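Peer 1: Input sequences plus hints: build the corresponding full structure.
Just so you know, the sequences run in chain order X and A. Here the first sequence stands for residues 24 to 736, numbered as in our numbering. Here the second sequence stands for residues 24 to 736, numbered as in our numbering.
Wrong hints could be hidden among the right ones.
Put simply, identical chains are the same to the list, so a pair is met inside one copy or across any two.
[To be verified] In silico SDA-like pairs for lysine to any residue, Cα to Cα no more than 25 Å straight-line:
(1) K253 / T196
(2) K731 / L654
(3) K178 / E327
(4) K711 / P183
(5) K121 / G138
(6) K178 / G383
(7) K366 / N190
(8) K53 / V92
(9) K296 / F622
(10) K674 / V628
(11) K477 / F272
Simulated from the structure, these hints should not be mistaken for lab results. Just so you know, these numbers come straight off a predicted model, no measurement behind them.
There are 2 protein chains.
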Amino acid sequence: MRFLLIFIYFFCFSLIAQEQWEEVNPGVWKITVGTPDEFDLLKASNVPPKIEALTRMGGGNFPFDLSEVVTEVRSNHTYLRFPLDRQEQIYGFGLNFKTVHQRGQILHLHVDHYGGRDNGRTHAPVPFYVSSNGYGVFINSARYLDIYAGSAARKDSENPPEARDRNTDRNWTSRPYSDAVEVLVPSEGVELYVFVGPSPLEVVRRYNLFTGGGPLPPRWGLGFTQRVHKLFNAEQVLEEAALFEEKGFPLDFIGLEPGWQSKSYPNTFVWDKGRFPEPEKFMDKLKEKGVRVNLWVNPYVSPESPIYKEIRPYTASHTVWAGIVPDFTLEKTKEIFWDHFDKNHIEQGVSGYKIDEVDGYDRYLWPDVTQFPSGISAEQMRQTYGLMVQKQSAALFRARNKRTYGLVRASNGGGTSFPYVIYNDYYNHEDFITALINSSFSGVLWTPEARASKTPEEWLRRMQSVVFSPMAMINAWSSGTKPWSFPEVAEEVKEMALLRMQMMPYWYSEFAKYHFDGTPPFRGMSLEDGYQIISQKNTLTDDEANLETNPYAEAVRKEVKDQYMAGEYLLVAPMFAGEESRTVILPRGKWYDFYTGEFVGQEEVITVTPGLDKIPVFVKNGGIIPMMEPLLHAPGPEDKINLEIKHYGDKPGEYLLYDDDGETFDYEQGHYSWRTITVEQKGNGMFKGSITKAEKNKPDNINSVVWKYMTNE
Amino acid sequence: MRFLLIFIYFFCFSLIAQEQWEEVNPGVWKITVGTPDEFDLLKASNVPPKIEALTRMGGGNFPFDLSEVVTEVRSNHTYLRFPLDRQEQIYGFGLNFKTVHQRGQILHLHVDHYGGRDNGRTHAPVPFYVSSNGYGVFINSARYLDIYAGSAARKDSENPPEARDRNTDRNWTSRPYSDAVEVLVPSEGVELYVFVGPSPLEVVRRYNLFTGGGPLPPRWGLGFTQRVHKLFNAEQVLEEAALFEEKGFPLDFIGLEPGWQSKSYPNTFVWDKGRFPEPEKFMDKLKEKGVRVNLWVNPYVSPESPIYKEIRPYTASHTVWAGIVPDFTLEKTKEIFWDHFDKNHIEQGVSGYKIDEVDGYDRYLWPDVTQFPSGISAEQMRQTYGLMVQKQSAALFRARNKRTYGLVRASNGGGTSFPYVIYNDYYNHEDFITALINSSFSGVLWTPEARASKTPEEWLRRMQSVVFSPMAMINAWSSGTKPWSFPEVAEEVKEMALLRMQMMPYWYSEFAKYHFDGTPPFRGMSLEDGYQIISQKNTLTDDEANLETNPYAEAVRKEVKDQYMAGEYLLVAPMFAGEESRTVILPRGKWYDFYTGEFVGQEEVITVTPGLDKIPVFVKNGGIIPMMEPLLHAPGPEDKINLEIKHYGDKPGEYLLYDDDGETFDYEQGHYSWRTITVEQKGNGMFKGSITKAEKNKPDNINSVVWKYMTNE
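Peer 2: So this is what it looks like as structure tokens:
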């Protein structure tokens with residue numbers, strides 16, 4: 024009997040120990056190494072995969088030889104190794120601000136305010152990378168992970184770096200060749216996922232769908248937003264909204280900063296009676312003007328908050344600014360904390376939140392010695408706090424069948440579907456664009472907000488980028504800057520802002536594709552088929568490999584941090600203050616000027632001198648951009664719009680236009696429509712467009728359609 | 024029977040579990056928390072305490088209530104907490120470059136190249152701090168430790184910070200009050216030591232004596248050193264030495280950079296036959312000129328090194344610059360590696376090493392995923408590699424009864440006694456002085472080397488600091504700068520260099536006190552009795568506490584990063600390029616100008632305008648500075664010197680002058696002498712000095728004595 028038990032024990036144990044890669048969803052492979060932590064990124068985010076969409080994509084083979092992937096548990100740590108080949112580039116590891124190519128980097132993934140160096144400490148240090156070879160790896164751990172992204176060399180490697188003499192060899196390098204990504208997980212096990220391509224974009228789409236698909240913002244979320252001075256009162260906010268209207272500047276929601284509360288840092292979460300005596304009336308008035316309210320908060324509870332006493336037992340051992348720190352893994356905490364939000368903010372009309380200080384700095388957060396009542400470690404809590412506040416706050420709106428679209432300072436792997444855009448205190452325009460590019464490799468959204476500027480030129484350049492981003496925000500709580508603050512460029516700024524509104528049908532459809540298909544609305548060039556085709560190949564033709572005679576090949580191998588794709592058809596190349604001209608790398612296929620429809624080049628590096636009033640934007644051949652009239656507020660569920668459909672280039676095209684009520688979750692019950700816009704070429708070479716009708720009983724917000732063939736006209 | 028066993032088991036277990044503080048050496052209290060790692064800082068350094076000296080100091084009571092110190096092991100981590108009171112300041116945590124006051128800091132102790140921020144990543148991240156209340160805490164762990172040095176606030180603290188309203192309260196702070204030092208050790212236990220004062224200097228002395236006392240350098244180690252261009256050959260080095268002699272500039276040892284080796288980065292550790300065809304002859308020639316040779320190395324072994332094959336099995340899984348990484352915890356490694364050094368360098372005449380790249384950056388070292396054959400983790404290896412290369416290389420010289428004095432990039436707790444000075448690639452003169460101050464709280468030595476300068480003024484100012492430091496080094500391997508490179512200040516630089524040589528009896532005696540008594544030769548002001556008397560007190564008199572009416576009290580509470588004590592009597596206040604004057608805080612008691620003997624002030628803040636040729640130096644009342652003639656090389660064992668003894672101030676004084684052969688370890692067998700220099704005041708108010716004779720058969724290198732009463736003359 025005892026023998027039998029021992030036998031059974033060892034049999035079961037060896038079953039457990041025999042880790043195997045398994046295709047858990049189409050094209051999504053998983054392995055469980057050792058004994059993972061009970062709490063991880065996917066448990067914190069807890070969003071089901073979009074199985075149907077994944078199934079539509081179809082499965083795929085495990086992209087490595089099994090022997091190439093090494094997983095090992097030793098002395099409380101898990102060691103991971105994934106191979107890299109000579110031509111391979113990797114992207115991702117979260118919201119980096121200075122680098123797109125991650126090969127060669129050493130990163131200590133750690134939720135934190137971005138401190139000016141790409142070292143892993145950032146607002147969304149997502150442990151996911153995408154290979155130019157068309158696969159992705161996700162490490163489902165809420166620990167601080169050490170990543171050697173092709174920067175560590177093994178003595179027994181089959182592809183070791185060459186030893187060189189630094190005294191005399193000019194080819195000596197301080198960063199010798201490495202043939203692997205290596206990861207140190209400070210746990211006795213971990214769950215790993217590998218996402219299949221074949222293209223890098225498909226890898227990203229699979230990751231996004233596996234983590235729930237992108238959020239579908241309410242339509243108003245894609246309009247303009249202004250954040251007002253932190254001590255503004257109700258009247259001042261109403262004046263601000265009136266001023267926007269008077270100036271003819273679009274505005275969909277206004278953000279109130281800490282002064283809306285009776286006390287902040289730590290927070291009461293209670294309206295200040297002096298500044299906001301009648302919050303509900305105040306928000307009603309704003310709503311009448313088509314403007315919604317977003318509230319700044321951080322989660323640290325003041326002793327003077329009405330929820331303080333009740334929530335105290337469910338908070339951490341340590342305080343933040345003398346505020347207690349809710350343990351959001353506990354049901355009880357959720358009830359007490361968010362119920363207050365629901366009853367005292369959302370019920371009164373609040374449309375969303377800006378959730379601050381869930382990222383770092385170290386001195387702004389609970390220390391790593393903190394104990395939480397749930398037993399979740401301070402480290403794990405830090406890596407996931409941003410995820411949990413997003414999930415739990417968004418749930419309040421969902422419960423009222425209202426969509427929200429807010430701001431947050433921290434996110435992580437698994438947070439793709441939460442309707443939040445990351446922002447921070449850093450303020451480098453160039454780096455903001457790099458972050459926008461990197462957001463597409465990590466299932467997060469990022470806003471290159473405009474806050475203040477030294478010159479009219481800078482203000483205009485920043486506002487131009489804002490227009491081609493997930494959230495068109497002016498964050499003026501400190502500077503008080505308004506769109507028209509620089510009279511020299513006020514007209515140009517307004518024109519850009521109105522362009523944002525005109526493009527609403529395009530933006531909304533692109534976000535729908537993020538939600539339903541996993542395609543990020545703003546993307547790095549490396550996800551563009553016609554772009555990375557060369558850099559992706561392992562074997563180059565002589566012509567491709569000859570960088571001297573093929574400057575384009577060199578350009579696409581180079582790290583490109585200053586141009587990106589916006590939606591299906593647009594390539595955006597922002598200008599930065601001080602620049603009069605810049606180069607743009609055009610992927611394969613013909614490209615056209617967004618404003619004029621003129622042909623600009625194909626598969627080449629061009630130099631553009633757009634003038635101050637334009638941000639260079641280019642359209643892919645056959646591209647179709649649906650636009651509408653320049654409204655000051657996003658259309659409501661009942662509003663009809665007049666569509667202007669622009670076609671670019673010398674070939675036919677197609678576009679899927681999405682529509683729903685723009686505010687509720689009814690689309691989850693099928694209340695949405697996809698219409699196909701088609702532009703065909705007739706015998707005479709002229710183009711002719713058509714658009715399908717919405718299905719019966721499906722949303723249809725189109726009043727009229729005008730066609731514009733930009734390149735032919 | 025079974026019951027008995029269970030009983031015994033629980034009995035033993037509870038014995039083990041009952042951790043207790045124990046006075047293991049006089050004034051040194053220890054506790055073992057949980058199950059510490061088998062490998063730690065004290066095991067890596069492995070130096071016996073100087074029991075006799077500790078016994079002379081006498082014991083002391085444990086400085087805390089037992090209940091105030093919290094130690095707890097949970098989920099693979101050890102949590103520590105030590106109390107802080109309101110007035111308390113803390114110093115230490117290793118070689119910081121920008122801060123002296125550590126209260127309020129968050130540090131992640133991690134051996135690394137200093138990256139410009141005091142965040143715990145530095146060359147010597149020593150887990151030891153000294154309190155102004157007169158005790159010290161040492162955490163004997165070779166792990167990356169997270170330190171919250173009075174920066175974390177607990178919900179249940181008896182001294183919680185006050186919650187304030189950021190909206191309107193001007194006293195709101197982003198760094199609320201904290202009443203504890205908290206530490207996270209990523210191990211299931213740790214050894215802790217508490218060092219008793221009562222004064223902060225006594226705490227430091229106890230720590231230093233417990234870790235073996237400071238090194239006693241060979242006398243030549245305190246002379247001048249120049250490092251030559253990395254590709255210099257033997258002839259060029261000999262020319263350099265000749266040039267120093269010709270210019271009348273002191274020189275005791277020359278450093279050869281990577282080019283002395285046939286290949287470097289990784290290293291062969293073999294002389295380059297082209298540049299150094301006859302190393303032994305070359306070194307003999309230099310030695311005849313009174314100049315020794317120091318060799319640059321890093322420990323990473325080239326495939327072309329003669330030791331490569333033999334040492335390969337005892338090296339790490341990962342390489343550094345394609346060089347293999349010796350596991351220095353293994354006896355076999357020591358044999359193979361250091362034996363080569365002994366036979367091929369030291370036997371031929373090499374006097375010491377500069378051991379580079381044992382610190383970081385991350386990308387310059389083995390990754391944390393590395394496995395070492397001993398089973399010691401990569402993390403522990405990184406925290407202790409600097410200690411081990413110091414210890415093991417120094418042992419080679421000791422075996423030949425020769426002292427060495429070299430340079431190293433990394434050290435840690437326990438390394439006090441190793442004859443190495445830390446240097447780095449950072450180059451901020453002000454921060455170099457802050458590091459010199461901090462070195463005194465951490466049992467390490469630091470050189471504010473001069474490397475290159477933009478202006479003659481900067482060169483002179485840097486050279487002035489160099490003279491008042493543990494190693495007077497010009498590190499010109501890259502810049503090629505020579506002391507006389509700026510003709511405008513060449514004379515002044517030479518005068519300073521000769522002053523260094525004149526002060527040799529003082530420096531040598533002060534290092535002897537570091538060795539025998541644990542008193543650091545270069546010290547922060549907070550270790551000075553007359554200085555910290557106010558900041559140390561818990562209860563201030565009204566006058567002391569009133570910062571408005573007592574600016575001196577304010578000054579001593581302020582973080583002072585730009586003045587320090589050099590030996591028993593000197594206060595040094597370096598000038599930085601661009602400054603014409605500066606303030607100096609004079610501790611209690613009268614102070615005198617080092618150069619003129621004039622009274623300058625007492626217990627006050629003075630402003631000095633010293634001119635370009637002087638670095639402000641002040642002497643304590645009754646101070647005695649023994650000097651000698653300005654030789655170009657340190658005196659040898661047989662050389663006699665002519666002593667010039669300077670006395671300062673209006674009161675009698677005493678000084679202990681140390682002497683031995685200056686080269687061997689014979690002093691450990693008692694072959695040394697302490698002579699007492701006494702200056703008494705006669706009836707007529709005149710001073711009269713006397714000096715005791717060396718005991719029979721003890722070293723006596725004095726030829727003649729001249730007395731100079733600086734203040735009376």
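Peer 1: Hint by hint, note whether the structure agrees.
Peer 2: Results of checking the hints against the structure:
1. K253 / T196: between (51 Å within a copy, 17 Å between copies)
2. K731 / L654: within (20 Å within a copy, 91 Å between copies)
3. K178 / E327: So K178 and E327 pass the 25 Å test across copies only (15 Å; inside, 60 Å).
4. K711 / P183: neither (59 Å within a copy, 73 Å between copies)
5. K121 / G138: both (11 Å within a copy, 18 Å between copies)
6. K178 / G383: Close across copies (19 Å), not inside one copy (38 Å); limit 25 Å.
7. K366 / N190: Classified as between: cross-chain Cα gap 23 Å, same-chain 71 Å, threshold 25 Å.
8. K53 / V92: within (12 Å within a copy, 45 Å between copies)
9. K296 / F622: Classified as neither; 59 Å inside a copy, 64 Å across copies.
10. K674 / V628: Within one copy only: 22 Å inside a chain, 81 Å across chains, cut-off 25 Å.
11. K477 / F272: Within one copy only: 22 Å inside a chain, 53 Å across chains, cut-off 25 Å.
Violation of the numbered hints given earlier is confined to hints 4, 9; the remaining hints are satisfied by the structure.
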